Amino acid sequence: SQQGEEDPQALSIQEGENATMNCSYKTSINNLQWYRQNSGRGLVHLILIRSNEREKHSGRLRVTLDTSKKSSSLLITASRAADTASYFCATFHSGTYKYIFGTGTRLKVLA
Amino acid sequence: DAGVTQSPTHLIKTRGQQVTLRCSPKSGHDTVSWYQQALGQGPQFIFQYYEEEERQRGNFPDRFSGHQFPNYSSELNVNALLLGDSALYLCASSSLGGSGGPGELFFGEGSRLTVL
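Sequence order for the protein chains is C and B. Counted from 1, the first sequence has number 11 at position 11 by my numbering; the numbering is strictly sequential. Counted from 1, the second sequence has number 116 at position 116 by my numbering; the numbering is strictly sequential.
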C-alpha cells in the first residue's frame, strides 16, 4: 500500500497563480522528496527535505515538513503552463531502506 | 554522462508469457530500485538491488524476480504474466547512502508493458 497520500488528487489553476499540494504519511521518516512526472514519462527529482528540516526553497518551489503532523506541502509560485504534470511525494524509511511514493497530485496550469 | 536507461520502451505480451526488462544505472550509482506504476497511480516499490543482491522487497509475488550484474545494471523478470501486470515499469538508481538515505533517485523513462 502507498505510504504517502497527496491532496488534492487534481488541481487546475491559471498561469501566474500559486499551486499548493499536500502530502501526509503514516510512520516516521528520515527524509521526504518531491518528484514531478510528465505524462507517461520518468520521474524527475525536485527537492529533498530531511526530517530535521522544516522548510526548503529551490527556485519557485517551497517545501515544508511538519513531522509532528506527518505532513509536507509543496508550493509552486507563479505557475507556468510547463508546470502541468503529476507531482509525487516519496518518503524514505531507514528501517526498511526504501522510498515509498504517494498517490500523486495532477496539476494542470491553464495558459 | 548518460542517465538511467531502460529497454525496451514498449512491449506487448500475452497472458502466461514471461518478460525481461533491463536497466542501466547512472554512472557512479550502485543501487537499483524497480517500481511498477499503474495508470493514474503512484509508483509501487517492487525491489531494490545492491551489490548484486536483493536488499529490499515490496509486496509483489515471486513471479517478479530480478538480478543485478557486476557493472550495476539490472534486470526485472516477470513470469506467468497476468492482465493486471500491465503498467509502466520504472527503474531508479542511486548511491548507497547512510542512515539518512541514499538521496535523490534518478529515474529512467520506463518500460510500458501491455499484457493482452
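Hint data in this document are derived by calculation from the structure and do not stem from the laboratory. One or more hints might be untrue.
Partial chain C-side listing against chain B, Cβ under 8 angstroms, derived [what the hints assert, rightly or not]: (1) ASN38; (2) GLY40; (3) ARG41; (4) LEU43; (5) LEU48; (6) THR84; (7) ALA85; (8) PHE88; (9) TYR97; (10) LYS98; (11) TYR99; (12) ILE100; (13) PHE101; (14) THR103; (15) GLY104.
Here are the computed distance ranges between Cβ atoms for each label pair [what the hints assert, rightly or not]: (16) C:THR27 x B:LEU82: 47 to 57 angstroms; (17) C:GLU53 x B:LEU116: 27 to 37 angstroms; (18) B:ASN71 x C:SER94: 45 to 55 angstroms; (19) C:SER39 x B:PRO8: 33 to 43 angstroms; (20) B:ARG15 x C:THR77: 22 to 32 angstroms; (21) C:ARG54 x B:GLN18: 21 to 31 angstroms; (22) B:GLU52 x C:SER28: 43 to 53 angstroms; (23) C:ARG54 x B:GLN56: 39 to 49 angstroms; (24) C:SER51 x B:PRO8: 36 to 46 angstroms; (25) B:PRO8 x C:LYS108: 46 to 56 angstroms; (26) C:THR77 x B:PRO61: 35 to 45 angstroms.
Calculated pairs, SDA-like style, for lysine to any residue (alpha carbon to alpha carbon, straight line, at most 20 angstroms) [what the hints assert, rightly or not]: (27) C:LYS56 x C:LYS108; (28) C:LYS56 x B:GLY103; (29) C:LYS26 x B:ASN59; (30) C:LYS108 x B:GLN41; (31) B:LYS26 x C:LYS70; (32) C:LYS108 x B:GLY40; (33) B:LYS26 x C:THR96; (34) C:LYS70 x C:PRO8; (35) C:LYS26 x B:LYS26; (36) C:LYS70 x C:GLY42; (37) C:LYS70 x C:VAL44; (38) B:LYS26 x B:PHE106; (39) C:LYS56 x C:ASN30; (40) C:LYS26 x B:PHE106.
In this text the structure is predicted, and so the values were computed from the model without any measurement. Virtual Cβ for every residue (Gly too), placed ideally from N, Cα, C.
Cross-check of the supplied hints:
Of the supplied interface hints, the one on C:ASN38 is violated, with its beta-carbon coming no nearer than about 10 angstroms to a beta-carbon of chain B, more than 8 angstroms. Look at C:GLY40: its Cβ gets to within about 7 angstroms of chain B, closer than 8 angstroms, so that hint holds up. Checking C:ARG41 against chain B: minimum C-beta separation of about 6 angstroms stays under 8 angstroms; hint holds. For C:LEU43, the interface hint holds, since its Cβ comes within 8 angstroms of a Cβ in chain B; the closest pair sits about 5 angstroms apart.
Look at C:LEU48: its Cβ gets to within about 6 angstroms of chain B, closer than 8 angstroms, so that hint holds up. With a least beta-carbon distance of about 16 angstroms to chain B, the hint placing C:THR84 at the interface is violated under the 8 angstroms criterion. At its closest, the beta carbon of C:ALA85 sits 13 angstroms from a beta carbon of chain B; the interface hint therefore is violated under the 8 angstroms criterion. Interface restraint check: C:PHE88 against chain B, minimum CB-CB distance 5 angstroms, threshold 8 angstroms, status holds.
Below 8 angstroms, beta-carbon pairs count as interface contacts, and C:TYR97 has one with chain B at about 6 angstroms; its hint therefore holds. Given hint, C:LYS98 at the interface with chain B, holds; its Cβ is 5 angstroms from that chain's nearest Cβ, closer than 8 angstroms. A distance limit of 8 angstroms between C-beta atoms decides the matter here; for C:TYR99 the minimum to chain B is near 6 angstroms, and the interface restraint holds. Annotation: interface hint on C:ILE100 holds; nearest CB of chain B at approximately 6 angstroms, less than 8 angstroms.
Using the Cβ-Cβ criterion of 8 angstroms, the hint placing C:PHE101 at the interface with chain B is satisfied: the shortest such distance is roughly 4 angstroms. Contact between C:THR103 and chain B, as hinted, is supported at the beta carbon level, the nearest pair being about 5 angstroms apart and thus within 8 angstroms. The restraint placing C:GLY104 at the interface with chain B holds, with a minimum CB-CB distance near 5 angstroms, inside the 8 angstroms limit. Taking the beta carbon of each, C:THR27 and B:LEU82 are about 30 angstroms apart, not inside 47 to 57 angstroms as hinted.
Judged by the Cβ atoms, the range 27 to 37 angstroms given for C:GLU53 and B:LEU116 is violated: they are separated by roughly 47 angstroms. B:ASN71 and C:SER94 have their C-beta atoms about 28 angstroms apart, which leaves the hinted 45 to 55 angstroms range violated. For the hinted restraint 33 to 43 angstroms between C:SER39 and B:PRO8, the CB-CB distance of approximately 19 angstroms leaves it violated. Between B:ARG15 and C:THR77 the beta carbon distance is about 48 angstroms. The supplied range of 22 to 32 angstroms is therefore violated.
Checked against the hint of 21 to 31 angstroms, the C-beta distance between C:ARG54 and B:GLN18 comes to roughly 48 angstroms, which is inconsistent with it. A hinted range of 43 to 53 angstroms for the beta carbons of B:GLU52 and C:SER28 is inconsistent with their spacing of about 30 angstroms. Distance hint for C:ARG54 and B:GLN56: a CB-CB separation of about 29 angstroms, inconsistent with the stated range 39 to 49 angstroms. C:SER51 and B:PRO8 have their C-beta atoms about 39 angstroms apart, which keeps the hinted 36 to 46 angstroms range intact.
Checking the proposed 46 to 56 angstroms range against B:PRO8 and C:LYS108 shows it is violated: the Cβ atoms sit about 30 angstroms from each other. A hinted range of 35 to 45 angstroms for the beta carbons of C:THR77 and B:PRO61 is consistent with their spacing of about 44 angstroms. A threshold of 20 angstroms between alpha carbons decides the hint, and for C:LYS56 with C:LYS108 the separation of about 24 angstroms lies outside it, so the pair is violated. With a CA separation close to 15 angstroms, the supplied pair C:LYS56 and B:GLY103 stays within the 20 angstroms bound.
Distance check on the hinted pair: C:LYS26 and B:ASN59 sit about 17 angstroms apart at the alpha-carbon level, within 20 angstroms; holds. At roughly 17 angstroms between alpha-carbon atoms, C:LYS108 and B:GLN41 fall within 20 angstroms of each other, so this suggested pair holds. Between B:LYS26 and C:LYS70 the alpha-carbon distance is near 32 angstroms, which puts this suggested pair outside the 20 angstroms criterion. At most 20 angstroms may separate the alpha-carbon atoms for a hinted pair to count; C:LYS108 and B:GLY40 meet this at roughly 15 angstroms.
Simply put, B:LYS26 and C:THR96 have alpha-carbon atoms about 23 angstroms apart, too far for the 20 angstroms limit, and the pair is violated. Restraint check for C:LYS70 and C:PRO8: satisfied, since their Cα atoms lie roughly 16 angstroms apart, inside the 20 angstroms limit. For the hint linking C:LYS26 to B:LYS26, the alpha-carbon distance of about 31 angstroms lies beyond 20 angstroms, and the restraint is violated. In summary, the hint linking C:LYS70 to C:GLY42 is not supported, as the alpha carbons are separated by about 27 angstroms, beyond the 20 angstroms threshold.
For the suggested pair C:LYS70 and C:VAL44, the alpha carbons sit about 23 angstroms apart, so the restraint of at most 20 angstroms is broken. For the hint pairing B:LYS26 with B:PHE106, the CA-to-CA distance comes to about 7 angstroms; that is within 20 angstroms, so the pair holds. The suggested pairing of C:LYS56 with C:ASN30 holds, with an alpha-carbon distance near 15 angstroms, which does not exceed 20 angstroms. For the proposed pair C:LYS26 and B:PHE106, the alpha carbon gap of about 25 angstroms is over 20 angstroms, so the pair is violated.
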